[in-house]
Amino acid sequence: MTATTVARGRSVRSRRPARAGGLTLASGLGLGVAMLWFSLLVLLPLAAVVATATEGGWDAFWRAVSSEQTAAAIRLTVGTAVLVTAVNVVMGTLIAWVLVRDDFVGKRALEVLIDIPFALPTIVAGLVLLSLYGPGSPLGVDVANTRGAVFLAFLFVTLPFVVRTVQPVLAELDREVEEAAASLGAGRFTIFRRITLPALAPAIAAGAALSFARAVSEYGSLVLLSGNLPLETEVTSVRILSSIENDNLAGAAAVATVLLAISLAVIVAIDVLQRRVTRRG
Amino acid sequence: MAEAATVARRPRRRGRARRAPSRYVLRAIVAAYLLLLVAWPVSLVAKNAFADGLTDLRAILEDPDVMHALGLTVRVAVVAVVVNTVFGVGMSILLVRYEFPGKRLLSALVDLPLSVSPIVVGLALVLVYGGRDGWFGPALEDAGFQVIFATPGIVLATVFVALPLVIREVVPVLEEVGVEQEQAAHSLGAGALATFRRITLPTIRWAVVYGVVLSLARSLGEFGAVKVVSGNVLGQTRTATLVVEEKYLNFDKGGAYATAFLLALVSVACITVVSIIRPRTSEETTP
Amino acid sequence: MSIEITGIGKRFGDFVALDDVSVRIPTGQLTALLGPSGGGKSTLLRIIAGLEHADEGTVEIDGVDATHVRPQRRDVGFVFQHYAAFKHLSVYRNVAFGLEIRKRSKAEVRERVTELLELVHLEQFADRLPSQLSGGQRQRMALARALAVEPKVLLLDEPFGALDAKVRRELRDWLRRLHDEVRVTTVFVTHDQEEALEVADEIVVINDGRIEQVGTPDDLYDRPANDFVMRFLGPVTRLGPDLVRPHDLELHPGEVDGAVAGEVSRVVRVGFEVRVEVTAADQVVLVTLTRTQFLALGVDVGSPVWVSPAAGAPTVAAVGPAPGDRSLVPG
Numbered sequence: 001m002t003a004t005t006v007a008r009g010r011s012v013r014s015r016r017p018a019r020a021g022g023l024t025l026a027s028g029l030g031l032g033v034a035m036l037w038f039s040l041l042v043l044l045p046l047a048a049v050v051a052t053a054t055e056g057g058w059d060a061f062w063r064a065v066s067s068e069q070t071a072a073a074i075r076l077t078v079g080t081a082v083l084v085t086a087v088n089v090v091m092g093t094l095i096a097w098v099l100v101r102d103d104f105v106g107k108r109a110l111e112v113l114i115d116i117p118f119a120l121p122t123i124v125a126g127l128v129l130l131s132l133y134g135p136g137s138p139l140g141v142d143v144a145n146t147r148g149a150v151f152l153a154f155l156f157v158t159l160p161f162v163v164r165t166v167q168p169v170l171a172e173l174d175r176e177v178e179e180a181a182a183s184l185g186a187g188r189f190t191i192f193r194r195i196t197l198p199a200l201a202p203a204i205a206a207g208a209a210l211s212f213a214r215a216v217s218e219y220g221s222l223v224l225l226s227g228n229l230p231l232e233t234e235v236t237s238v239r240i241l242s243s244i245e246n247d248n249l250a251g252a253a254a255v256a257t258v259l260l261a262i263s264l265a266v267i268v269a270i271d272v273l274q275r276r277v278t279r280r281g
Numbered sequence: 282m283a284e285a286a287t288v289a290r291r292p293r294r295r296g297r298a299r300r301a302p303s304r305y306v307l308r309a310i311v312a313a314y315l316l317l318l319v320a321w322p323v324s325l326v327a328k329n330a331f332a333d334g335l336t337d338l339r340a341i342l343e344d345p346d347v348m349h350a351l352g353l354t355v356r357v358a359v360v361a362v363v364v365n366t367v368f369g370v371g372m373s374i375l376l377v378r379y380e381f382p383g384k385r386l387l388s389a390l391v392d393l394p395l396s397v398s399p400i401v402v403g404l405a406l407v408l409v410y411g412g413r414d415g416w417f418g419p420a421l422e423d424a425g426f427q428v429i430f431a432t433p434g435i436v437l438a439t440v441f442v443a444l445p446l447v448i449r450e451v452v453p454v455l456e457e458v459g460v461e462q463e464q465a466a467h468s469l470g471a472g473a474l475a476t477f478r479r480i481t482l483p484t485i486r487w488a489v490v491y492g493v494v495l496s497l498a499r500s501l502g503e504f505g506a507v508k509v510v511s512g513n514v515l516g517q518t519r520t521a522t523l524v525v526e527e528k529y530l531n532f533d534k535g536g537a538y539a540t541a542f543l544l545a546l547v548s549v550a551c552i553t554v555v556s557i558i559r560p561r562t563s564e565e566t567t568p
Numbered sequence: 569m570s571i572e573i574t575g576i577g578k579r580f581g582d583f584v585a586l587d588d589v590s591v592r593i594p595t596g597q598l599t600a601l602l603g604p605s606g607g608g609k610s611t612l613l614r615i616i617a618g619l620e621h622a623d624e625g626t627v628e629i630d631g632v633d634a635t636h637v638r639p640q641r642r643d644v645g646f647v648f649q650h651y652a653a654f655k656h657l658s659v660y661r662n663v664a665f666g667l668e669i670r671k672r673s674k675a676e677v678r679e680r681v682t683e684l685l686e687l688v689h690l691e692q693f694a695d696r697l698p699s700q701l702s703g704g705q706r707q708r709m710a711l712a713r714a715l716a717v718e719p720k721v722l723l724l725d726e727p728f729g730a731l732d733a734k735v736r737r738e739l740r741d742w743l744r745r746l747h748d749e750v751r752v753t754t755v756f757v758t759h760d761q762e763e764a765l766e767v768a769d770e771i772v773v774i775n776d777g778r779i780e781q782v783g784t785p786d787d788l789y790d791r792p793a794n795d796f797v798m799r800f801l802g803p804v805t806r807l808g809p810d811l812v813r814p815h816d817l818e819l820h821p822g823e824v825d826g827a828v829a830g831e832v833s834r835v836v837r838v839g840f841e842v843r844v845e846v847t848a849a850d851q852v853v854l855v856t857l858t859r860t861q862f863l864a865l866g867v868d869v870g871s872p873v874w875v876s877p878a879a880g881a882p883t884v885a886a887v888g889p890a891p892g893d894r895s896l897v898p899g
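Chains as they are written, first to last, in the working numbering: chain A, 1 to 281; chain B, 282 to 568; chain C, 569 to 899.
So that you can see chain A by itself, here it is in the shape it has in the complex (with noise of 0.2 Å):
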């Protein structure tokens, strides 16, 4: 599978090439009712989006993609997400590191912290951080309705990502390589840089991927944080909403076709770096 064992939960290891059949007559039916459904509820709309997108032409498309308000909002976006997505490689691999190779008390509770992110609902995501980030901050920082709060924001719901590509395949690690590495004369950095890493990197770029497509789509986190100043700290869905209250429906999916294009790309990316892991493994 693809995203599915990369990103949550344990690595794969099966014995043997698992024996799936063909299909029976009661599968065959229970595939076409799931794909039915699944058409209803995901594909069709999501083909609506792009060829409402389409409708008024490659002009239309372009002047609503391109207009300054929504450039910079898809440049603000991409470019956060981008930085972002590079401190989540760097955290992720750390904090995947600590949970598998070090031990000690309240160990447990940190699992927790890590999947708060992902379980709490973007609204409120967006109060938590307000109240350690905005005014009456008892930091004394307010980032309010300014780009660090689209960083803080992004940052904050894509925290479990990497760390959760990473922590299975580094669990699953052979330690007896890195021993052999050592018995040879290798420091524990040389040995973390030529042996660690690249057998970790196709789950960190899974988990970057992810992260990098969670965060172009983030949207809940920054309606109270980040005031959505135009031109400013306005994000792609915020101008897509926009959009749609204007009642300019092919606008808003012109725009939101870029983003699908985005989470396409991701998909892809993943089922090529799933398959990477796995033939490896």
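To be clear, the hints were calculated from the coordinates, so they are not data collected in a lab.
Every residue gets a Cβ at the ideal spot worked out from N, C-alpha and C, and that includes glycine.
Be a bit skeptical, because a hint or two may be false.
[Claimed, not checked] So, partial list: chain C residues that the calculated Cβ filter (under 7 Å) puts toward chain B:
(1) Pro639
(2) Phe646
(3) His656
(4) Phe665
Following the hints, complete the assembly by docking chains B and C onto the known chain A.
Okay, now just chains B and C, sitting in the frame of chain A:
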């Protein structure tokens, strides 16, 4: 005479030998990061919710509109979880135990909802089921069935965003366990339904539980997609998350924090429950 | 309850697992499908069970065409290499499974399960979970489970492959005795020739998707049909153009009619056995003698000797590796 499971598990070597200072440094960095990013801010929500003692909390619990919103949120979440569990378990079995053309594509598409922006989700549903210009919307509304700006739309949006969660928990377990127990059941005369009931379901029992709990947390917390499809009609289609936004923007900070606190409480409870009942990876055996 | 397999072919993508395989497995016997890993024997077994579909050919069980019948309906008991125990059910419930599916009465189930657990000596483990049993015990449970529904045919897929050597030997012996008692047509897959020779009434040697030879253990050992069968079932060495068994060769200190001349190049003593390597022309021939025989010859490294096969010794024209090949072990 008892022996461990057939798959040989490498003995866990606890490297107690080297207590390098770097270990403590790393721990400190990670702890500080998580403290500043998650722990402290979340605890502040609780603090702010109870800043005036129980007044804020009591106020929202006595507000009929808020109670209606909470009730709606719960109802929608439960329906979404049930639908996604049925679909999720069925889809997982199809993806792992059967071969068919396009399987790999379907498997990738199933993960789509996780990387789609909630606003886009809302837009997509409006474009198809919207009463005015939607593809199916007008026809449905003529038949008396309103989707957008009504509860069914909220349910659809919630089902959409939480769709992959059960599948992502069940698929790895199905793959890990392998198909042999089911084949053994077949060779003993069990038909597809009996095999599913007696063998497959008990095997994936815990994965389904985790998936359900995570779906529940996600469904209760959906905001962006619901905002688009619900029209945010007070007393009718307003959900708990929308209440938080509305109260804050109307300068009822106390109410906003109190409602946010309730939602945060439930999500944290969900993850804590899963974390407690999920066995640690190193000692994990298939239930 | 005989099994008749005709023209079975099976492909996995480009890989041909079975190629026009036909064989008849007689009623009430213990038949081994023997061959190297990847040779197709497991695939054939699974096709008989209905767990795989053949691309072509037919399977007849007890005179009835079962080629398209689902595994549930074939009345075939299957034992897997890794037990496939129902991990969430107790030993008792595992064995009772097939009976419960057939909606037998509780009393009947209890009687039959107890009978079987006694047969496999697992009565005191009835309420344990499979994870609490050793590998050998789990496999005995799997056998009891398969036998519970009185199948027409019992199929075992490398049943002892996952067990350690000692347990494997014990269970091998135990399986033979069990078969003598229960008398169900049994087919088991193995890559261990010693196991097949010891346990089976009849052996089907399968290699590369094709049947090399079918016969009793004696047939196969004494009258191998070709190079592969001979190599696979026992030690071989090459003398001239032929393969012959090292213990079927005689060493003569003086020249003998028809014997090949050579020189002793190495002598290794292993217990009561002495392995003598003789360099003759362009070959190295391995001769195995008892200690007594060797001492009686009075030869040592460097001595000239003459080698000939004993009267009536089975030989087969060698195929494959060039002279100098001195295969000590089969395969």
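Results of checking the hints against the structure:
{"no.": "1", "hint": "Pro639", "in the structure": "holds (4 Å)"}
{"no.": "2", "hint": "Phe646", "in the structure": "holds (4 Å)"}
{"no.": "3", "hint": "His656", "in the structure": "holds (5 Å)"}
{"no.": "4", "hint": "Phe665", "in the structure": "holds (6 Å)"}
No hint from the list above goes unmet by this structure.
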